[in-house]
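J.: Each chain, written out:
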Amino acid sequence: MIWLTWRQFRAQAITAAAALAAFAILLATTESHLSSMYDSSGLLTCHGGACAGLASQFLDQLSSGGGSFLIPAGSTYMILYFLSVLVILVAPAITGVFWGAPLIARELEAGTFRLTWNQSITRTRWLAVKLALIGAAAMAVTEAFSLIQAWWAAPIGKAVGLGGGSSIFSEGRFGWFVFPTHGITPLGYAAFGFALGVTAGLVIRRPIPAMAVTLAIFAAVQFITPLWIRPHLFPTSRTVTSIAAASANVSIKANPRLAFTASVVPGQPGAWIMSSEGVNAAGQPVRTIPVSCEQAVLGALGSHKGPAAGVPGASAALNNCVASHGIRVAESYQPASHYWPLQFAETGSFLILALALAWYCFWRLNRRRS
Amino acid sequence: MTAVIETEGLGKRYRTKWALAGCTLSIPAGHVVGLVGPNGAGKTTLINLATGELAPSAGTIEVLGGRPAAGPAQLARVGYLAQDAPLYAGLPVADHLRLGAHLNPGWDAKLAQARIGRLGLDPKQKAGTLSGGQRAQLALTLAAAKHPELLILDEPVASLDPLARREFLQDLMEAVAEQEVSVVLSSHLISDLERACDYVIVLVDSRVRVAGPVDELLDTHHLLSGPRRDPASLPGGLEVISASHTDVQTTLLVRSRGQVLDPAWTVSEVGLEDLVLAYMRQAAGPAPRDSHRHLEVQK
Numbered sequence: 017m018i019w020l021t022w023r024q025f026r027a028q029a030i031t032a033a034a035a036l037a038a039f040a041i042l043l044a045t046t047e048s049h050l051s052s053m054y055d056s057s058g059l060l061t062c063h064g065g066a067c068a069g070l071a072s073q074f075l076d077q078l079s080s081g082g083g084s085f086l087i088p089a090g091s092t093y094m095i096l097y098f099l100s101v102l103v104i105l106v107a108p109a110i111t112g113v114f115w116g117a118p119l120i121a122r123e124l125e126a127g128t129f130r131l132t133w134n135q136s137i138t139r140t141r142w143l144a145v146k147l148a149l150i151g152a153a154a155m156a157v158t159e160a161f162s163l164i165q166a167w168w169a170a171p172i173g174k175a176v177g178l179g180g181g182s183s184i185f186s187e188g189r190f191g192w193f194v195f196p197t198h199g200i201t202p203l204g205y206a207a208f209g210f211a212l213g214v215t216a217g218l219v220i221r222r223p224i225p226a227m228a229v230t231l232a233i234f235a236a237v238q239f240i241t242p243l244w245i246r247p248h249l250f251p252t253s254r255t256v257t258s259i260a261a262a263s264a265n266v267s268i269k270a271n272p273r274l275a276f277t278a279s280v281v282p283g284q285p286g287a288w289i290m291s292s293e294g295v296n297a298a299g300q301p302v303r304t305i306p307v308s309c310e311q312a313v314l315g316a317l318g319s320h321k322g323p324a325a326g327v328p329g330a331s332a333a334l335n336n337c338v339a340s341h342g343i344r345v346a347e348s349y350q351p352a353s354h355y356w357p358l359q360f361a362e363t364g365s366f367l368i369l370a371l372a373l374a375w376y377c378f379w380r381l382n383r384r385r386s
Numbered sequence: 241m242t243a244v245i246e247t248e249g250l251g252k253r254y255r256t257k258w259a260l261a262g263c264t265l266s267i268p269a270g271h272v273v274g275l276v277g278p279n280g281a282g283k284t285t286l287i288n289l290a291t292g293e294l295a296p297s298a299g300t301i302e303v304l305g306g307r308p309a310a311g312p313a314q315l316a317r318v319g320y321l322a323q324d325a326p327l328y329a330g331l332p333v334a335d336h337l338r339l340g341a342h343l344n345p346g347w348d349a350k351l352a353q354a355r356i357g358r359l360g361l362d363p364k365q366k367a368g369t370l371s372g373g374q375r376a377q378l379a380l381t382l383a384a385a386k387h388p389e390l391l392i393l394d395e396p397v398a399s400l401d402p403l404a405r406r407e408f409l410q411d412l413m414e415a416v417a418e419q420e421v422s423v424v425l426s427s428h429l430i431s432d433l434e435r436a437c438d439y440v441i442v443l444v445d446s447r448v449r450v451a452g453p454v455d456e457l458l459d460t461h462h463l464l465s466g467p468r469r470d471p472a473s474l475p476g477g478l479e480v481i482s483a484s485h486t487d488v489q490t491t492l493l494v495r496s497r498g499q500v501l502d503p504a505w506t507v508s509e510v511g512l513e514d515l516v517l518a519y520m521r522q523a524a525g526p527a528p529r530d531s532h533r534h535l536e537v538q539k
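Each protein sequence line maps, in turn, to chains A and B.
If you're matching positions, the first sequence starts at 17 in this note's numbering and goes up one per residue.
If you're matching positions, the second sequence starts at 241 in this note's numbering and goes up one per residue.
Chain B with its partners taken away, still in its complex shape (with noise of 0.2 Å):
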């Protein structure tokens, strides 16, 4: 299967500071992928790349396996809902479906008619007086409309309130088991994303810090408990993620491929949550009492 996104020492630089350095990845297809990070760590310069808003500095990037945007096939396979969703303020809801049936060959407008109905949204209403939360599924619906083979959502739901998160996610997995698309989302909160991702990119500091699926990653990871020791006395194999300590005990987040069978460890599974936290406190620093980072990272 082709990859989604397939990038190569993929960098981007705004005058002198790298929004994005070193980044090589590969995304099969059929996932749902959750693209993690803090506000500012290079999430939406990596979007902006895959969707050709902009150009790389550096590195290549291929959007399933052609060029971002190089033409009108190009961006029929791509759905792209941007950040704080644009639309009209001045066009109807009906008007922004006909944008769609007009710009692109491949429009569903049965399937828009039917998730605007569905969703309660009045085809007379103009965009400019929905709902945050209407105006992101809107924009899903012109997104999924044109039937994307890759559809990219960056932040949706950072502007919703809870509830409206739960709808949106929940109406957007419905779209994806109903049209067989990869999807790309990203956002700066792990608990959005834990129950629709099924891949994960952790991007802190401009860099990937990890990615893989996320069954894979919770079976390579472990969290592993026991008397007070120094990390470096552990034995090979083991890489450190994070490491807490109190006076009497040390607590380890470990990537390993194997078994870890020391019997002085209690071994135990790390949630996608903690994993992720893990791997952006890292990124931090050594010092786990980063309290700023940590904060921007909880909230």
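So here's chain A without its partners, still in its complex pose (with noise of 0.2 Å):
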């Protein structure tokens, strides 16, 4: 069996064989440059405060300077880092589309399960050595691309974390896109993803249309996972702050309402917040700007149509205002502890997830046995 199911994934082997040569030499002949450029920038030997406008300078390098033989000077690093994560991100996609869906799909189509499943081996068995196998594959080739990009992107990843937060890689170990692409994580979505397709090939019974839905599915699951299942995997904690502390600024979009985006826990460098409302003195919410603060509101308005943010002498007026009302932020967070404890729900979370479809397939394909 071991050999039918290596016949059969070789072709899907190589392809996956290839596609992670490509990315490895593509990030291995960038890594070197890349690394000498932290090597420069001072992060190495900075103290205190120093540091993270070193680090946002190291990264504002990267999105604007560069360049080697592979790809046009100006943003590579950029380009290179974003493409990366992407690649991780859609590669339990890719494996499940591909590898999962036309599992059992081309053989129902084709008719060929009347032959292989008439030798002289069981369907439970001929299933539980091809999920096993091409699933490890599966879980193998994601998380081989995610510690391949985590080595090459190691320097930025130390830059975001000592504070260079002002560019465009400013996505700490929590954001939508790092958390599922890094750590153990991608395990989790490879197994599912190819769980996922493996299954709609079965129920559906056409190869086409399952690819289909388990990308749809699975799409919407990566989706839905960052708003609404992974903030409350753990206990979120709480605390309250003043709006300068937090280094939040009064949202001029969401006027009259008002709403922070806090980017510091004090005390906790690299929480994950995830959300931020004002509260008065007594701890209860306050949801909208004090009316006395319109002045403000109007000047960083007037002066700007986008988030306060990018005008520092009217949002600063605004959020001082909101500030003098005794207006403080209480903010839910997770703490940068739980990533480890956040990672090992998630990818368990997705592990069951696939052993619990995974054993749905046996049921269904032992089912028209009586």
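Any given hint might turn out to be false.
[As the list claims (entries may be wrong)] Coverage of chain B stretches by chain A, computed from C-beta distances (three or more under 8 Å per stretch; other residues unrestricted):
1. 313-320
2. 326-338
[To be verified] Residues of chain B clear of chain A, computed beta-carbon distances all greater than 12 Å:
3. Ser-266
4. Asp-401
5. Ala-404
6. Thr-490
[As the list claims (entries may be wrong)] Not everything, but these chain A residues come out facing chain B in the computed CB check (under 8 Å):
7. Ala-126
8. Thr-128
9. Leu-131
10. Asn-134
11. Gln-135
Since the hints were derived computationally from the structure, they do not count as laboratory data.
Here a beta-carbon is modelled for each residue, glycine too, at the ideal position from N, C-alpha and C.
Each chain sits in its own coordinate frame; assemble them with the hints.
T.: Okay, here's the thing in structure tokens:
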């Protein structure tokens, strides 16, 4: 059975290996320059507050400078960074769609299941070997992409960790694109995507529609998870602090509703802020911008239509006005120490989901036998 | 000798329609069994129940004394050539043999190689580019080389041209002679099976009409012809399978245990094809002029 699995999977395996090799070569050829830029950025020897500035400077340099023989100068590292993250993000979808969905559906459509399932081997064994080997391959490939990218992007991660926040690389470890593509989460996503594809193929019985359904469901799950699932995988912490301490800005977009964009939890570097709201001295929520701050609102609006962050003076005036009414920011967040627990919780959830789908496949495959 | 297929009140229902109903059979070992019936009669359903692809909605089925597809050992005892001989289009002939070798502990590599050589199949040729006849031959090789006790073939020659049909059946008969295997093969054409089978099951409208060894069927069925008269006036012990009348003459196909001794009738032997067609026509209804069914049967 192992031989048959390999024989039928050979072409896909070679394709995956080639993609992995191309990915590794592309990143390896640019890695030395990236790390030498980091070494000369002063971040190795900086202390305290100086680091954040240097880190931002380093990141800005990455998104504008660089240039190698592969990609025209200008924004090499920015493009590479986002492409590589994108690859890790879509790899589970691709393996789910192209490896998972046709696995059973193609046999059903071509009628070859009648050939294979009537050799001296049970359907359960047939599926078990296929799921184990190809599922492991999907997980390994995705995790390999992730590890190569993490190695390459280590300087960027360090700079972001040191407080370099003003550039396009500002996503921390909890970011929408960073969290599901680093650590062990790619394993969970790959297992889930593959099992989802196999299940869709078994239920729909035709490869192409099964592939479409797999892609749609997987994309929906990838979208829903950071919004509604991940924040609740672990109990959140809550703190109330001043607007200034939270590096918060009053959002002018939400006017007249009072909303903040907070970026720091005091004493909790690297925390993942999930929501921030205004509260008064008594701790009760404040939902509207105080009327007496109208002048400041107009100032911020008049000069800029976007978020107040773009206009430091006007924005600061509005922030100060709101703060002068005794309004503080209540932040709910996951501290940086929750990173690994969250990684395990999310990965574990998807692995359990994948196992449940696999179990359903076994059950359904054997159901027609009484 | 144990039965290769034993069913008791076997039925399979798809939603509200019974594809097979009240099927009670006991097929003894050592036969080449022809499962005959028009398209849609339930042949494939019966075969799918025997291979374990379907579970019965009613009754029971045992194959070689075991539950169909119950485990590797049971699967090893039954060789199956499905309709249209499914093969992996992208895999060459040699890889199909390798597949058989890897998935069957009882695989007979020598036999498989010899068959492929005799058939003139190129081991490197992809299965998708084989002709219909070659596909069927390769699929038969796979089913035969695992050394089954029972070989089930679903419409193996339906998609083949007349020459390929004859070659395939001849080849099948040789394989049967070599391996002492019981065979069940289905067809909607009795003419395909006449030469090959020594046991016949006629299945029409999801019911078994008649089943038995060919010799016995031929011995107990007679064609009677004589002056026109009402079939009801026949002596007892005769079962009329079909009757046709002209203005002056009546021709009857009857089943009887003993000899027909009524001197008013001219008794003659009946061929297997006529016998099977009579049962199919009987099932279609009393009117022999049911041309639609007739055509389908004769196709």
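J.: Hints first: check each against the structure and report whether it holds.
T.: Hints and how they fare:
Counting residues of the segment 313-320 of chain B whose beta-carbon sits less than 8 Å from any beta-carbon of chain A gives 6, enough to reach three: the coverage restraint holds. With a threshold of 8 Å between beta carbons, the proposed coverage of the segment 326-338 of chain B by chain A holds, since 7 of its residues qualify and at least three are required. Its beta-carbon lying about 20 Å from the closest one in chain A, B/Ser-266 satisfies the requirement of being farther than 12 Å from that chain. Listed as a non-interface residue, B/Asp-401 keeps its Cβ farther than 12 Å from every Cβ of chain A; the least gap is roughly 21 Å.
Look at B/Ala-404: its CB is around 20 Å from the nearest CB on chain A, clear of 12 Å, so calling it non-interface holds up. Non-interface status of B/Thr-490 relative to chain A is upheld: no Cβ of that chain comes within 12 Å, the nearest being about 47 Å off. Nearest Cβ of chain B to the Cβ of A/Ala-126: about 6 Å, under the 8 Å cut. The hint holds. This hint holds: A/Thr-128 has a C-beta 5 Å from the nearest C-beta of chain B, less than the 8 Å allowed.
Interface hint status for A/Leu-131: upheld, as the beta-carbon distance to the closest one in chain B is roughly 5 Å, under 8 Å. Interface hint at A/Asn-134: satisfied, since its Cβ lies 4 Å from the closest Cβ of chain B, which is below the 8 Å cut-off. Checking A/Gln-135 against chain B by beta carbon gives a least distance of about 4 Å; that is within 8 Å, so the hint holds.
Going through the hint list in order, the structure satisfies each hint without exception.
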